[in-house]
Every structure is written in C-alpha cells, then in structure tokens.
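Residue numbers (the working numbering), protein chains in the order written: chain A, 1 to 403; chain B, 1 to 403.
No lab work stands behind these hints: they were computed from the structure.
Be aware that one or more of the hints could be misleading.
For chains that are exact copies, the list does not tell them apart, and a pair is met inside one copy or across any two.
[Said to hold, decoys possible] No more than 25 angstroms apart at the CA atoms, straight line, and that leaves these computed lysine-lysine pairs for BS3-like:
{"hint": "1", "residue 1": "K140", "residue 2": "K40"}
{"hint": "2", "residue 1": "K374", "residue 2": "K385"}
{"hint": "3", "residue 1": "K358", "residue 2": "K381"}
{"hint": "4", "residue 1": "K385", "residue 2": "K358"}
{"hint": "5", "residue 1": "K164", "residue 2": "K117"}
{"hint": "6", "residue 1": "K381", "residue 2": "K153"}
Predicted model only: the values in this text are computed from it and were never measured.
2 protein chains.
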Amino acid sequence: MATEGSLQGFESVHRLLSETLPPQLFQEVQRVLLGCNGGKPVQTLSLPAIVTESAQSQNFDVLAYSFSAAEEQLRKPRVVRIGLIQNATVLPTTDPYERQMNSIRERLRTIIEAAGKAGVNVLCLQEAWTMPFAFCTREKSWCEFAESAERGKSTQFIQELARKYNMVIVSPILERDEAHGDTLWNTAVIIGNHGNIIGKHRKNHIPRVGDFNESSYYMEGNTGHPVFETEFGKIAVNICYGRHHTLNWQAFGMNGAEIVFNPSATVGDLSEPMWPIEARNAAIANTYFVGAINRVGTESFPNAFTSGDGKPEHKDFGHFYGSSYVAGPDASCTPSLSRCRDGLMVADCDLNLCQQVKDKWGFRLTARYELYAKFFNEYIKPDFKPQVVRDAFLDSPKENGVY
Amino acid sequence: MATEGSLQGFESVHRLLSETLPPQLFQEVQRVLLGCNGGKPVQTLSLPAIVTESAQSQNFDVLAYSFSAAEEQLRKPRVVRIGLIQNATVLPTTDPYERQMNSIRERLRTIIEAAGKAGVNVLCLQEAWTMPFAFCTREKSWCEFAESAERGKSTQFIQELARKYNMVIVSPILERDEAHGDTLWNTAVIIGNHGNIIGKHRKNHIPRVGDFNESSYYMEGNTGHPVFETEFGKIAVNICYGRHHTLNWQAFGMNGAEIVFNPSATVGDLSEPMWPIEARNAAIANTYFVGAINRVGTESFPNAFTSGDGKPEHKDFGHFYGSSYVAGPDASCTPSLSRCRDGLMVADCDLNLCQQVKDKWGFRLTARYELYAKFFNEYIKPDFKPQVVRDAFLDSPKENGVY
Numbered sequence: 001m002a003t004e005g006s007l008q009g010f011e012s013v014h015r016l017l018s019e020t021l022p023p024q025l026f027q028e029v030q031r032v033l034l035g036c037n038g039g040k041p042v043q044t045l046s047l048p049a050i051v052t053e054s055a056q057s058q059n060f061d062v063l064a065y066s067f068s069a070a071e072e073q074l075r076k077p078r079v080v081r082i083g084l085i086q087n088a089t090v091l092p093t094t095d096p097y098e099r100q101m102n103s104i105r106e107r108l109r110t111i112i113e114a115a116g117k118a119g120v121n122v123l124c125l126q127e128a129w130t131m132p133f134a135f136c137t138r139e140k141s142w143c144e145f146a147e148s149a150e151r152g153k154s155t156q157f158i159q160e161l162a163r164k165y166n167m168v169i170v171s172p173i174l175e176r177d178e179a180h181g182d183t184l185w186n187t188a189v190i191i192g193n194h195g196n197i198i199g200k201h202r203k204n205h206i207p208r209v210g211d212f213n214e215s216s217y218y219m220e221g222n223t224g225h226p227v228f229e230t231e232f233g234k235i236a237v238n239i240c241y242g243r244h245h246t247l248n249w250q251a252f253g254m255n256g257a258e259i260v261f262n263p264s265a266t267v268g269d270l271s272e273p274m275w276p277i278e279a280r281n282a283a284i285a286n287t288y289f290v291g292a293i294n295r296v297g298t299e300s301f302p303n304a305f306t307s308g309d310g311k312p313e314h315k316d317f318g319h320f321y322g323s324s325y326v327a328g329p330d331a332s333c334t335p336s337l338s339r340c341r342d343g344l345m346v347a348d349c350d351l352n353l354c355q356q357v358k359d360k361w362g363f364r365l366t367a368r369y370e371l372y373a374k375f376f377n378e379y380i381k382p383d384f385k386p387q388v389v390r391d392a393f394l395d396s397p398k399e400n401g402v403y
Numbered sequence: 001m002a003t004e005g006s007l008q009g010f011e012s013v014h015r016l017l018s019e020t021l022p023p024q025l026f027q028e029v030q031r032v033l034l035g036c037n038g039g040k041p042v043q044t045l046s047l048p049a050i051v052t053e054s055a056q057s058q059n060f061d062v063l064a065y066s067f068s069a070a071e072e073q074l075r076k077p078r079v080v081r082i083g084l085i086q087n088a089t090v091l092p093t094t095d096p097y098e099r100q101m102n103s104i105r106e107r108l109r110t111i112i113e114a115a116g117k118a119g120v121n122v123l124c125l126q127e128a129w130t131m132p133f134a135f136c137t138r139e140k141s142w143c144e145f146a147e148s149a150e151r152g153k154s155t156q157f158i159q160e161l162a163r164k165y166n167m168v169i170v171s172p173i174l175e176r177d178e179a180h181g182d183t184l185w186n187t188a189v190i191i192g193n194h195g196n197i198i199g200k201h202r203k204n205h206i207p208r209v210g211d212f213n214e215s216s217y218y219m220e221g222n223t224g225h226p227v228f229e230t231e232f233g234k235i236a237v238n239i240c241y242g243r244h245h246t247l248n249w250q251a252f253g254m255n256g257a258e259i260v261f262n263p264s265a266t267v268g269d270l271s272e273p274m275w276p277i278e279a280r281n282a283a284i285a286n287t288y289f290v291g292a293i294n295r296v297g298t299e300s301f302p303n304a305f306t307s308g309d310g311k312p313e314h315k316d317f318g319h320f321y322g323s324s325y326v327a328g329p330d331a332s333c334t335p336s337l338s339r340c341r342d343g344l345m346v347a348d349c350d351l352n353l354c355q356q357v358k359d360k361w362g363f364r365l366t367a368r369y370e371l372y373a374k375f376f377n378e379y380i381k382p383d384f385k386p387q388v389v390r391d392a393f394l395d396s397p398k399e400n401g402v403y
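This is chain A alone, in the form it adopts within the complex (with noise of 0.2 angstroms):
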C-alpha cells in the first residue's frame, strides 16, 4: 500500500526535498511550495536544550519557526509561542480503557511539559486525544471513554498543568453532556492559563464518510463559531472534518480568531493531498494563523468491521500520517510534523501579521457579505431555483446539422 510504503520512505516532504535536492533548487521549491514571511521562508527558532533533549530521549519529533510582522508605529509587537502536539495512543485496544486512558495522559504529559518549558503560550492537542479513534467499529462500548467537560479527568488532567506552565491548552475530548441526557458531543474544552476553563466548543460538521461513523455516536455542535479571548490572543477551533467547510473557518474569522487550531484525526490516501491544502488555505482566506494538527499511527481494533467499500473486514482504519503544521496569514507555512512519529510543533506568531495582511489584501473589505447574505437566504428556501444560464441551442431543433 504507497502509504506504508511511504513511511519507509520519508518522514515529510520538506525534510525529503532538503535533503534531495540541490540548496539553491530547494530554496526556490520551499518559496513555491511554503511561501514567504516577511520575504523569507519562515524562520527556525531555537529552543532550550531541555526541550530537545527530552524529544531525543522520549522519541518524538520537534520542530519549532517563528512567523515576523512589520514594525508598527502606533502597536507594539503581538507575539504570541503557539503549540501543537501530535501523538500515537499507547497501549493496545484490548487493554482495559482505565489503563489506556492513562497510559495516554502519561505520555502526553511529556510531551505538554516539553512545551511548556520551550514557553508555549497557547497549546492545542489532537480531537479526542484520550481516546483510540473507535468510531470506526460502530461499537457503543467505546462511549465508556467520554467525559465531562467540566469535571472530568482530563479536564483536570490539562487544567493542572496549564496552571504549572501558564499556559492556554485546547483539549479536545468525547464529551458526555450529563445537563442533557447524557449525550455525546465531540468538544473541544478551553482551559485557561490559571487553571480554569473559559468554555468549549463543539464540532460542527459531523463525516459520513468511510470508516468515519462518528455520526453514529454524536450529533452537529450547537455551540456557534466561539472565539475565545486569552490573556494570549483570541483563539478558534475549527475541530476535524469542519476544514472541509469553507464556511465554518470563515465564520470563525468573522467573529474575530487570530488563531484558529484544527484538531484532527484523518488518514491515509483518503485525505493526505488535501491536508496541506485545506487549513492552509483557510490562514489565507481569513487572514488568521492556522494550528493544524493530526493524530499518528495505526490502531487496530478487537473486532473486525468494513468499511462500505466493499472490501474485506478488517481491524484497523488505516495510518493517522500526522504532519502537523502551521500556516500564517500571509500565505506562509512552517515544513510539517513527521508523518510517523509524535510530535510537538512550536511557532511564534506576531498577531499583528493578521491585520497588516487584512490591510494588504483587502479580502474583508471587498467580501461583498451581503450578496452573500441574500444568497443564502434564497439558497435554504426548498423552492431555491438555481441561477442558470442555459443555451438556448440545446432547446432549438435541429434540421439537418444546421441550427
């Protein structure tokens, strides 16, 4: 299969080609293919050799760039250290899920202190990061592993080391809403860098796609397009299979995010041409940073289940390829995360990029939003008729050839 074949055969497309191809060629690749900040492909940033070291030993993938604004007369810069983390889960899942979910909060909590000692002020882990991605066996055991948003372990879990590092943390769970009835919902919980929890989001855009069937277990978020304002900036969610809808990044941006994280959980050939297209293109059009993030690895399931393709029962969904990466508003992009292994991305972003940009380009300014407003409108009437110009040719008859 080329995606496991592939993973023998590069960690990320950036790390093959610099080591491919000649410097000046591969400078030249990197300003088509990652764009410029500044006039510059991003630049790298140092981190403490204590962060460095504890990827060494821990094995996971670091990589760390730093996105520059101009030099403003009346602002001073906004620079704001974003983190994004991208893990494998770390028992089987035939393990008791008291041990699994452990094993996972252990394993995160390295890799969240590596960041909070390389000073990550707004942190972002993966959707669902508790949990293996079970919704593809359309088992109803695997709701065993929701929680509280507000209670719940994780959530105490992250909040305590978002006090110990100061530090903004996204924590992206399987929600039970217990205020209604016990249902799901797939959230994303904002906790403070004091420790406490400024709200949560939930997942607007639920797949049905393949072996997605995350249908089967939650329903359509009904918290809006929330920006969250921290001491650090003013933060989104856009959470998975949302990235494929225009209209949820641009509704984020419209209600003020500076920075929009996209915690995910995708695979294989299924979506990885589209992965560095998407939230990329997303930073563009809203003029926002973008934190993308992917789920590593493969997980394989104790009961078999098919995919709707077709194709024989099987036990996994295929390889989480993870290449966690952020993009600017600038159209700048920092190489991805290793498609193999965990990781932690670091990136200095200087919010007032957003504004220079949105003065630059002008795509706010020349929306035309209520055009659109009344399209929309017009659209969601059953009745909608759709604005089509048809040739008049196809309707007029034809005598020998000759129209």
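Got chain A sorted already, so can you dock chain B onto it with the hints?
Relative to chain A, chain B alone:
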C-alpha cells in the same frame, strides 16, 4: 530577485522534482502533492501529433491529462475535454493599440486552433486576454482596449473559432457597457459551440492590493453567480481575485457548476505560494473541477508608476508566472504549465466524478447552510456582536500576582 532567478531554475515544481528525485520517492511525493484519481496520479493523455508539433514549432508548452470516474450502473460516463490557455502579450506596450490587439489575436489563434485540433470541448482564456494588464499604470488611455461583450471584434474573433471547432470558449475581456453610459466591467463572455453568445459574467470581487489598481477602472460585478448550461456541462467563471473569496467559489457550486474556470493575471512573490492552494481548495470544498489560468511574462509600460510600497518608480508590474492547472473534486490535480512560456493545458474530466465525490464525502449534506444564512444575516448588521467568550481572569483584579 527570487522570481527572476527561479525562471532560470525550473519550469514547474513538478517537472523539477520528476527530473531530480529517484523514481520511487518522486511517486510518493507526487501522491502527497498532487493526490490520486482512482488510486493513481492523474493520467497523461495522448494528443494528436499535429497539436504537439504545433506546440513545438510555435513555442508553447502543452500538457494533457485525464481525470477518470468510477463506472456507474445508471449513468454513462460524461467525459468533457477542457482546455486552458496562458499567454504573454506579443508586442511592446508602446506600439499602436490596434497592432497590439491584432498581434495578441493572431498568437491566440495559433493556440486556440491547437486546442480545437486537440478536440477540446470547453476552452477558457486568461483574464483580459485582449490587452496588456495595464491597470497598474492608473492611466485611462488603456480604456481604449475595452470592447462590447456582444459586438466587439474580440468576441467576433472568438465566435468564429468556437463555430469552427464546435467548442465553447470563455473569453475574458475588458467590457465597455454602452447600454449603461460607457462604463467598464471585467467580464467573461461565454461563447457557445455554435458561435452564439450564451451569456456573460462580470468579476465579483475587485482587488485593492499592490499594483492591481483595478478599482480605478471598474466596479464589482452585477451579474450574480451564473452557471452556464452548455452542451458540455455546467460551467462558471470565477475571475482572478475572486479566487481569494471562498464564498464566490461556493455560490457557483451552489448554483450547480461542474467546472469553474479561474482566468487570472497575478505575479511573482506576491501570490505564487497561494496559487497551488486556492483553486485546488475550491475544487475540493465545492466538489467540482477547477481550471486555474494565469498570464505569462513581464509587461513593461511607457510611463513609470509607483506601487505604494515606498520603492522607486518602475515600469513593470513583475513577472506573471503562468502555472495554469486543473484540479479535480477528489483532491487530485494536474502538474502545472510552464512558469515562463505560453501554454495549452488539456484535460479530460468525467463529470460523473462530481456526484460520486459528493456522495462519498458528503460536504453538501453536512454543510448546515441554515446556520450560516442566519450568521450572515446577523453579520451584515452594523451593530453585529461577534460571539466572543472572554477569559474572566482578564477582568479580575490581580493582587501580588495571585488571582
């Protein structure tokens, strides 16, 4: 300057990598960068020798690919052959206007004839193909290049070729609107395959960025988001800067477009890193084919102008980097045409792929349009209140560093 250097370096990233990487690695990088169509890279297509010979002798690039779809039980394949043309102007901008116009038409005739002989069904030319992209100058004499969409010489010229080759041709020109007081528009004229005029579309979003001083010449279009139903499928045109507006792409899709062309004129460092992202994201997000076309070459003007960037006055706008390509709804994509030469891209598109991908990925199904209609209705109100959840700690008094 990076762009100029790169012109000597490579014609396209794809060609550079195919010449430099070991074959197996190239295959994997290609999969990640350009996706798969039916499990393989988009396949190359053979063209008649007369076409490739013409490209050789007349010095234009030619590439041809085929996007396939799965077989269905109830529908036959609907393969449409589309064509994109990118070209430089021919004569200096100091030459008499009529000679400039004629020379472009004759150059275009050669490439359009090649498209016709290649069996293209629907062809699209670049933005304002009839003229140098003179808006950077802010001089009004260039308005002489504007023509009637219905009766101008350029339209007549295209009508003749459309009839000759039974080919729908999208002809983007600077329109002189006599019926409304001689005002100007940036307009795509849709010429049917019988030489008839099916309709026209006027550019919806007008840039206020860098040297794109187009808002000094014409206004935002008043033709909505029309889809033109031709003998060869439903097509629409997102003109140039409209590609930065995801709503513009989306409205064409909601009106039923199966192929959307994006005739453009954009330069060097400013936008080249965005170019492979935006049109391709639109194809994915809206589940249709996109043909993205960019002008080629560097155009020098008689009188110097400034760019609002504090740099000295100058006479050219930068290098138009070509790189036209076709993107499929399944995230597959062709390599792009040359960054420095005229070119013809031919692509067979089985339009059945659109509905197949809609059924597979379900983006329309899961789009929640009602939510966004409501959101936009609120947003356009002057007293719109963004949905912001503010960390309560930002407002609580801080005492000795303890909250």
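Failing hints, ascending? 1 and 6
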